[in-house]
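J.: Residue-level listing of the chains:
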Amino acid sequence: MTKPRPKILAIDDTPINLQLLLAALKLDFDLQITTSGVLGLEFAAETLPDLILLDVMMPEMDGFETCRRFKADARFRDIPIIFLTALGDVQAESTGLSLGAADYIAKPVNVDTAQQRIRNLLEREALRKEIQTQFNELKQATDLLQASRQRELEFGNAIQHTLLQGVIPKGIEGASVSSFSEPSQVVDGDFSDIRRLHTNSFDVLVGDVMGKGVGAALIGAGVRSAYHQVLADLQVVKAFGTVLPTPAEIVNELHRVVTPRLVELSSFVTLALYRFDLEAGTLTCVNAGHTPGLLLSARQGEVLTIMGDNMPIGVLPDEVYVEVCVPIGPGDSLLVYSDGITEACNAGGEQYGQERLIAAFEAGRKAALVPFALLDSIQQTLKGFTGGAPAQDDQSAIIVEWPSQVLPMTRAVDKPETRTQLLHRRAEAVARNFLTEASRGDKFLTPDKALQVLYELRVHQVELELQAEELLRTQRELEADIVERKRMEDQVRQLAFYDPLTHLPNRRLLNDRLSQTLLASKRSAFHGALMFMDLDNFKSLNDQHGHSAGDLLLVEVARRLKCCVREIDTVARFGGDEFVVLLGELALSPQESMAQAGVIAEKIRLALAEPYALNMAREGADAVSLKHRCTASIGVTLFIDGDANLDGILMRADVAMYEAKAQGRNRVQFHAARAEAVLG
Amino acid sequence: MSKPVLQGELWAALVKWLPAAPVTPQSAPTPVVLKPVDPEAISILINEILPMLARGKADAIDRFQALQELVAGSELAPEMADAGLPLKEFRFDLTRQRLLQMAAKYEWRIAQ
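Protein chains in written order, with my numbering: chain A, 162 to 841; chain B, 14 to 125.
It should be emphasised that the hints constitute simulated quantities derived from the structure, not laboratory data.
Take the hints with a grain of salt, since some may be wrong.
In silico DSSO-like links for lysine-lysine, alpha-carbon gap of 30 Å or less [unchecked claim]:
1) A/Lys723 with A/Lys822
2) A/Lys232 with A/Lys187
3) A/Lys723 with A/Lys544
4) A/Lys268 with B/Lys48
5) B/Lys101 with A/Lys187
6) A/Lys723 with A/Lys647
7) A/Lys168 with B/Lys101
8) A/Lys788 with A/Lys700
9) A/Lys300 with A/Lys290
None of the values given here were measured: they were computed from a predicted structure.
One chain only, chain B, in its complex shape:
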């Protein structure tokens, strides 16, 4: 993992690499409070990032990080972290594809 460690990335990594904890019915699970997301803010940022990704702009990496920070602590954080993984290999096209899928799934407004 690259530093500084983001919460969403850490969560995604832990889920991926750690074995699932055995269910212990004796104790009730601690409820996790998830941060609500702001679809409008996400739409604005995604509309900024998508053209950059399409043209392989390095600035897209910083902007994607800002997007991850925006969704950190929300239910979207793991999925967003997953979408950002191809950027490590500079596969802007794959990240773009994942973002478009998410936009469709969560009905974020994408400029044509």
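Bound conformation, chain A alone:
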């Protein structure tokens, strides 16, 4: 099969030139000829030539315009173009080259030179195409690799968040448990588990596998599964008693089972197992090289760090894991966390660290936040520190709180639970007695005796089954109660911290955020800013169109405000038509911070001054769109830790806001004294 000749399109209106080209090229090339640029474009679309020879001077459409059109079309952009120019016409050569022509041939055409130039260009174009093909193949391979990596990541994430992170079981009484997990962009081996043992007793397991990737996640899933198996096995061994395996027994058995496999895989696992026994008032912990637990004691008012001196599992085959036991009481809280929190870095590369975590934990407890809100507050503080940068490592934390006041329903299941224990003991005693007698010899183990024992065991079995049914019923009732209580807690939390109309944080949550921002400012020395704003002439809208119109406006104002600030900032409704915006972590320099705050305030002012279209529903009629214009007066003050308390900062912003009103509304006004101090 002969190699196809390269295709050349020659566009020239001078027959003598075309005759020369024909003579020079027809043997080696598949030549296509036309006398006009328009036809040349048509021919090119049909045959896609490998090279174009183009005359400059042509009627209707000259060579430059034809070249422009070729280069503007993606199909022809890469086809090399050679201009045929008059000898010495430097201007035409220059223009042609600037339009993207690859070369030029001067007329009258020298056949040898023309052939050589064309061959050079075609060779160059062939090489370019080959490189492009290789590049495309490489890109395709890279895309496939990336897609494969992405699938692996998604798979790993799925493992991590379905198999590795435990859910809070129902039926834990007397304690309030909350957890969060902020997945990173990589897969790693963090895992957790919360297991209810009795109504007043439960285990919390947290762990982390060395390294990252799907391998670490799979090992984490394996260790967590082994923990479940070990717990089940040890419970079976003690089935005739009611004593559960201790945390040390569990971890030592887990170590016995998984360490040989971890050594084979050259991996190890840090973990900590906490057992809460609210009836006994104890917290027992085994820590195998994991992050310490932080126990905030209500009585002592300080954080106790619960550490262990054991090595991680999978390091030393002879390691013996020991437990520590500390008393706990109502009001105490335990925070366990992954190292993704303490090792999170800010823009300067500084780690968040345990000290900041403890500070955030104490501040949240001082504010009497429930675990859910406390974890939210810790997350906010962490985001404030890292500037909202994506997590490099999974960040997870669990808070267990023993509330100061135990709800009455805790006692409801005590009796059935105690009775079950009693039945277990009786069954165990009968069985032990039977086995002891059997071991003494046949003379005591008569068929009558055996039948009697079997009968007693059967009676106990039936009693146990009845008890189990009763317990199950009670448990279902409790679960329903707990779901209801959780729903009410959520509702209370929503009502306590958020404005029901705009869903913005209310004054209480604002105070909390402000105190956290001040704490952060103390550590970072960055300035923050507080803006107090009041809508101008809001009352007239209410008077004219009713409160529903006012409510619609407030909701829209809230939405616009949120669009103007960063995620780490807080927008709160202070009351009525007053809003507050809290900006944290602005800059070290007060002048720069003031400038930044001024820009954001102006952005807010302009956003709020845009026209509003309030869609008002009318009873028995179509909704009507009410056009409204509204402005805001904004008072701003800078703050840094130590220059004022919460009320003082709010007061300054309030004073500035009234100053803005006095100066004609719809303006931004910095607190005069504070601004003077900043600007010197």
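Chain B: place on chain A using the hints.
T.: For chain B alone, kept in the frame of chain A given last:
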């Protein structure tokens, strides 16, 4: 005229440029024996040439020459030569148009 000179082209040129000879009834005209044409062969060649002309392919020029050779000495030679004249100016479209007209006139089979 381009060389090599073809009979048909030469005939066409002579007819075009020479004044008509006066009729001399004294002597009887020498009878000219015209070569018969092969419509099938012409159809095959024309069907090959037409797409080339439509796309401005330079190869069409050589193939048209082959067509002229095929009809040389026939009554079609002058007309074919005339149809090929625009090719000198690389006006493939005009030659194509003339060929289509001839195909219709002589009922040559043209592929769609």
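J.: Which hint numbers doesn't this structure obey?
T.: 4
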